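From just these sequences and the hints, can you work out the full model?
Chains A and B are the protein sequences, given in the same order.
If you want the numbering used here, it's the position in the first sequence, counting the first as 1, plus 525.
If you want the numbering used here, it's the position in the second sequence, counting the first as 1, plus 14.
Just so you know, these hints were derived from the structure itself, not from any lab.
Only a predicted model underlies this, so the values are computations on that prediction, with no experimental measurement involved.
Take these hints with a grain of salt, some might be off.
Unchecked claim - Calculated cross-link-like contacts (lysine-lysine; reagent style PhoX-like; alpha-carbon spacing at most 25 Å):
#, chain 1, residue 1, chain 2, residue 2
1, A, K810, A, K760
2, A, K597, B, K246
3, A, K539, B, K259
4, B, K288, B, K154
5, A, K632, B, K259
6, A, K789, A, K865
7, B, K259, A, K602
8, B, K246, A, K602
9, A, K597, B, K155
10, A, K539, B, K155
11, A, K635, B, K259
12, A, K540, B, K246
13, B, K154, A, K602
14, A, K789, A, K845
15, B, K155, A, K540
16, A, K540, B, K154
17, A, K597, B, K154
18, A, K875, A, K842
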Amino acid sequence: MEVKLVNLTKCFSKKEGDVVAVDHLNFSIPSGKLVGLLGPSGCGKSTTLYMIAGLHRPTEGEIYFGSNEVSKFPPEKRGIGLVFQNYALYPHLTVQQNIMFPLENMKVEKKEALRRAQEMADLVGIGDLMARTPGQLSGGQQQRVAIARALVKMPEVLLLDEPLSNLDARLRLQTREEIKRIQKETGITTIFVTHDQEEAMSISDEIVVMNFGVVQQIGKPQEVYNEPANMFVAKFLGTPPINIIPAKVENGKIMMYKTEFNEKYDLNFADGTNLNIGVRPEYIKVDPKGKYKVYVEMVEYIGRDKTLIFKFDGQEKTCKAIIPSEVEVEPGTEINIDFKRCFIFDEEGKRLV
Amino acid sequence: MENQEVKKPSFLARIGNFFKTIGRKISERAAKKAGSSNKTQMLEWKKDGWKAAICLAPALLILAVFTFYPIVNTFLVSFFPSYNYLDDNFGYFAFDSYAQVLQDSTFWRAMGNTALMVIVSVPLSIIIALVITVLLNSIKKLQGFFQIIFFLPYVTNGIAFGLVFATIFSPMDYGLVNTILNAFGIDSVSWTGTARNIPYWAGIFVITVNAIWNGLAFKILVFLSGIQGIDKQYYQAAQVDATPKLRVFTRITVPLLSPMILYITITSMMGAFKSYSSVVSLFGESMGNGQNETFITAVGYIYKYFNKVTDGLPWLLSRASAAAVILFLFILVITLFQMWANKKKVHY
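Next comes the structure, spelled out in structure tokens:
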């Protein structure tokens, strides 16, 4: 089912004044897709999810499931499955009772409920743990029980609130593949909240990047990465993060400290304009004939590649570049580099080129 | 050979070791100034142990004199029917006191009344407290106001409490309940007092209402703190799954509150077993219907023989002790049964 948000707004009233957590959100999620809501903590992504779930009442705006306007409906009437950050499994019930809980509310016959619970448990790979209680399960297993419980009532929309944040690194990798597989198998429209850009990139069909309650960019993971709409998106995606080099227009030339920015661009800037040049670490190559002379501070070996930590002439902060490990670079020397690609942002972070 | 010697050192060797240890401790104490090793920490701990013992001594002394000694003595006295507490003469050993108590119809009436309080008023008060707690927790406006109202009995002076109760259930026509009954054309009922015409059901009703009201505030206090400790997400999850309110209560709230419920059940059952003063305050020292002792409780029975110097026997302390021991056994068995039964039902 398609999920559409129109002008969705949420304000929380506090003593020191209203806080706008979500500000006029407009986007739609195509049926059967897995969409990641990505943003730093406090950006309103969980609030958005809870509004879709019905646990928060929107201050303004509408939510459509298909053609139905559901924002006035209580959560139980929306036909959603919700997986909480801490899973919220009932600690006194067994895995089987936990998964069957929603079915009992729907007055599904006991036999049928048992069958469906087993089917769902098998789908998420915990079919042999039905008699245990949540306390006897590992984090990853609990997470799957929570997904099974959310899926067993065949919801139209599945909502996941940072479901992987309580898992260790290895389990997180495994579980996110698992979520992707389950979503593909069931074809349920899924919305997934995370602050981990890598997680969002690897799992989602589409990413919605949010900050300060405002959508920054929507698109396929690779699109958002390659063509960031603004400096926030560019900075938020990618590890190591993008290098942002402050620059200033002087005598018609863009100067990065004392180095001239020497790429093709179709814009004219007035003298004195402040700009930001964004270059991803992997867009930098070492070339003896390169346009930019930089000073190498340090070289780190990270297996397949190496990280080059360098400065432009006159720069305080360092920049990072990822280069193939066979390229020989000595720390403490000056080398020439080139940009394979770069972005130009204005002072406020709006993308110009 | 050497091994054996280590295992079983001779007496002299042990004395030698003892002095060696003392010597080491003294040297360690001297070395303590330089720095603290593991052993000196142990030493400090032992020193603290002594400090702890000194600090505990006053409490232990008072407990020993006023709790442990009387408990042991009660057991002893119950087996010596002619025990005289003035000259501490135990007399002969026999089970006479137990036989007398068990054959006494007043004792069984006392046990019956007590059992009624345990079986009726305890579950009722727990259920009422639970329901009030859930309702109290679910309202948003005026929650603090209602909390205060329900906690007031807990901090109210017992005499003021009793006076209010006496006015409500006064046997006279001006009593609150009787006024209401009269308004509906029903004759006044003798609810309380020392008169001889109190119906059994009326007395038991008043005792039950009194017990429920009395214990409600504390129960609500405990349940409310428990309920506020339950993760809100369980309720949100239940809401998303369209769980009816009653099922949320029975399947989520009650199981997650079960440790509190167990605690309250055990303590209030013990309280009900010990009920005495409330009955005396309602029906006087004779505990109902003149000298008929209609509403006598187990503890009331014990008190009666504790003070009595009639029946041809000068000292009936032994009989009171025997009744106390029997009551103790009842409480013990029921508490053990509860602990056992709840092991499967309580989720920590």
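We went through each hint and held it up to the structure:
no., hint, in the structure
1, A:K810 - A:K760, "holds, 20 Å"
2, A:K597 - B:K246, "holds, 22 Å"
3, A:K539 - B:K259, "violated, 30 Å"
4, B:K288 - B:K154, "violated, 38 Å"
5, A:K632 - B:K259, "holds, 15 Å"
6, A:K789 - A:K865, "holds, 12 Å"
7, B:K259 - A:K602, "holds, 15 Å"
8, B:K246 - A:K602, "holds, 20 Å"
9, A:K597 - B:K155, "holds, 23 Å"
10, A:K539 - B:K155, "holds, 17 Å"
11, A:K635 - B:K259, "holds, 21 Å"
12, A:K540 - B:K246, "holds, 23 Å"
13, B:K154 - A:K602, "holds, 23 Å"
14, A:K789 - A:K845, "holds, 23 Å"
15, B:K155 - A:K540, "holds, 18 Å"
16, A:K540 - B:K154, "holds, 18 Å"
17, A:K597 - B:K154, "holds, 21 Å"
18, A:K875 - A:K842, "holds, 22 Å"
Violated hints for the displayed structure, listed by number in ascending order: 3 and 4.
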